[in-house]
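Undergrad: Read top to bottom, the protein sequences are chains A and G. For what it's worth, the working numbering labels the leading residue of the first sequence as 60, then goes sequentially. For what it's worth, the working numbering labels the leading residue of the second sequence as 1456, then goes sequentially.
All the given hints hold, so there is nothing to weed out.
Label-pair distances were calculated between CB atoms; the ranges are:
(1) A:Asp-154 / G:Arg-1663: 33 to 41 Å
(2) A:Ala-100 / G:Arg-1658: 40 to 48 Å
(3) A:Asp-240 / G:Arg-1663: 15 to 23 Å
(4) G:Asp-1572 / A:Ala-100: 47 to 55 Å
(5) A:Met-87 / G:His-1742: 56 to 64 Å
(6) G:Val-1549 / A:Asp-217: 33 to 41 Å
(7) G:Glu-1655 / A:Lys-249: 36 to 44 Å
(8) G:Glu-1497 / A:Lys-101: 27 to 35 Å
(9) G:Gln-1636 / A:Asp-136: 36 to 44 Å
(10) A:Ala-96 / G:Glu-1530: 31 to 39 Å
(11) A:Arg-82 / G:Glu-1468: 14 to 22 Å
(12) G:Arg-1658 / A:Met-87: 25 to 33 Å
(13) G:Arg-1730 / A:Arg-82: 38 to 46 Å
(14) A:Asp-240 / G:Arg-1658: 21 to 29 Å
Because the hints were derived from the structure by calculation, they are not lab data. Everything numeric in this text was worked out from a predicted model, so none of it was measured. We put the CB at the ideal spot given by N, CA and C, even for glycine.
For reference, the chains in residue letters:
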Amino acid sequence: MGVRVGVLSLQGDVSEHISAFRRTLVSMGDDTGCVVAVRHAKEIPLLDALAIPGGESTTISRLIDKNSMRNAIERFDGGIFATCAGMVLLAREVDDTRVRPLGLMDMEVARNAFGRQRESFEAIIPVKGLEDPYHAIFIRAPVATATGAAAEPLASIDAGIVAIREGRHMAFSFHPELTPDIRLHRMFLKNLGI
Amino acid sequence: MTMNLEDLRFGTELIKRGFASMQKGGVIMDVVNAEQARIAEEAGAVAVMSLERVPADIRKAGGVARMADPKIVHEIIDAVSIPVMGKVRIGHFVEAQILENIGVDMIDESEVLTPADEEYHIVKTAFTVPFVCGARNLGEALRRIAEGAAMIRTKGEAGTGNVVEAVRHMHAIMGEIRVLQGMDDSERAARAREIEAPFELVRETAERGRLPVVNFSAGGIATPADAALMMQLGADGVFVGSGIFLSENPVKTARAIVEAVNNFENPAVLAEVSRGLGDPMKGIDVHTLKEDEVLRFRGR
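Excised from the complex, chain A in its bound form (with noise of 0.2 Å):
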């Protein structure tokens, strides 16, 4: 049976990230696999991988809550591939109590590290593993500031950690899922051994 990836489906650019992972199936020659947007907390078991996507992490972290999909998460078994909110979600430590963090990778991260909307930014940087450069899209985005032994960063800026790895999960300050470049999504994919 092929892969299958969910996209956590409660608020933010999920048709984005469906359709990121989809081209990304499609150029691994994998016609088998599955990209499909999850709602509820009996699904996430039969996952592979897990995308949590971009949004507001205030209302995602409420929301997941709301559907009671928050153990189903901590217990998962697959990877997971978060950008923004995301990254905020998964954090150990999240600089505002108004989110709820899931706890899944061992790192302290800032919200909106950068400001606000006007300084959201466009820039080519360079991430571990890649030849070339990523051309990466922040948009009030967060940045680790603080990372324990197991988590490996991928990328840094003067502002902190805006990729990382800790095990399976990939955590990304910016949004892969918005430009075409998808060597991150086959960078993820190919560490869970797809």
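Here the structure of chain A is known, so what remains is to put chain G in place on it, guided by the hints.
TA: Then chain G, alone, in the frame of chain A:
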């Protein structure tokens, strides 16, 4: 890695449209002070619209409605961590410059305020912050996108608590897109001339089967059922203006609308969240509005 400031690009179309995409599946709530903003954030709003008065009170007050006092906007910005939006008059690019300077995350060039220019809209590509604009039909939506809008919302009829115009506008936009999808390029070119929209945007819309930017609904949404109705008709999210803080129980109503948008296709959840909310805002039959009280015909 040390970043050189000249290597960074700000305010690109990708960043503006990307910001709008992050709002999808969310509720953006009108607030007039820091306390309301905190209630909205706590209820799960994805952003707040900072205003001096909600649209229903703008109707009551009469006179010229303008951009809010920057003091109010500042207080709201300081109170919440979610994005803060602000409204400017149609064509009033100086009000927009001021809101951008204050740090507003998205500007609504809005028919709810009294238009400053009856001929031209703001050239939104000239700004770093993204804009949202109202539309009643596809031509209007694509003209705003051509001017640089990163998000469209139905105009509806703001401040009435009556969803009928928002429904009309959403049907119009979605229906026109379905018609375009069945056309070839020469027919689309003719249609582009008719609806006074750029051909390239008409073609892109037809090929994607949706607007090239995020499409929210606004203007008359007052209940969880209204919000879910707009989502089922194809909205990417909703703006709720007077509907929350003019209802009997704003805290409960705010939470209920967030959950309704999240579960818009689940009648069991919609039934649950609609229970015992108290009176929604009173509402106005749009057919009783006098000509000068109709907001949706402002701007074209």
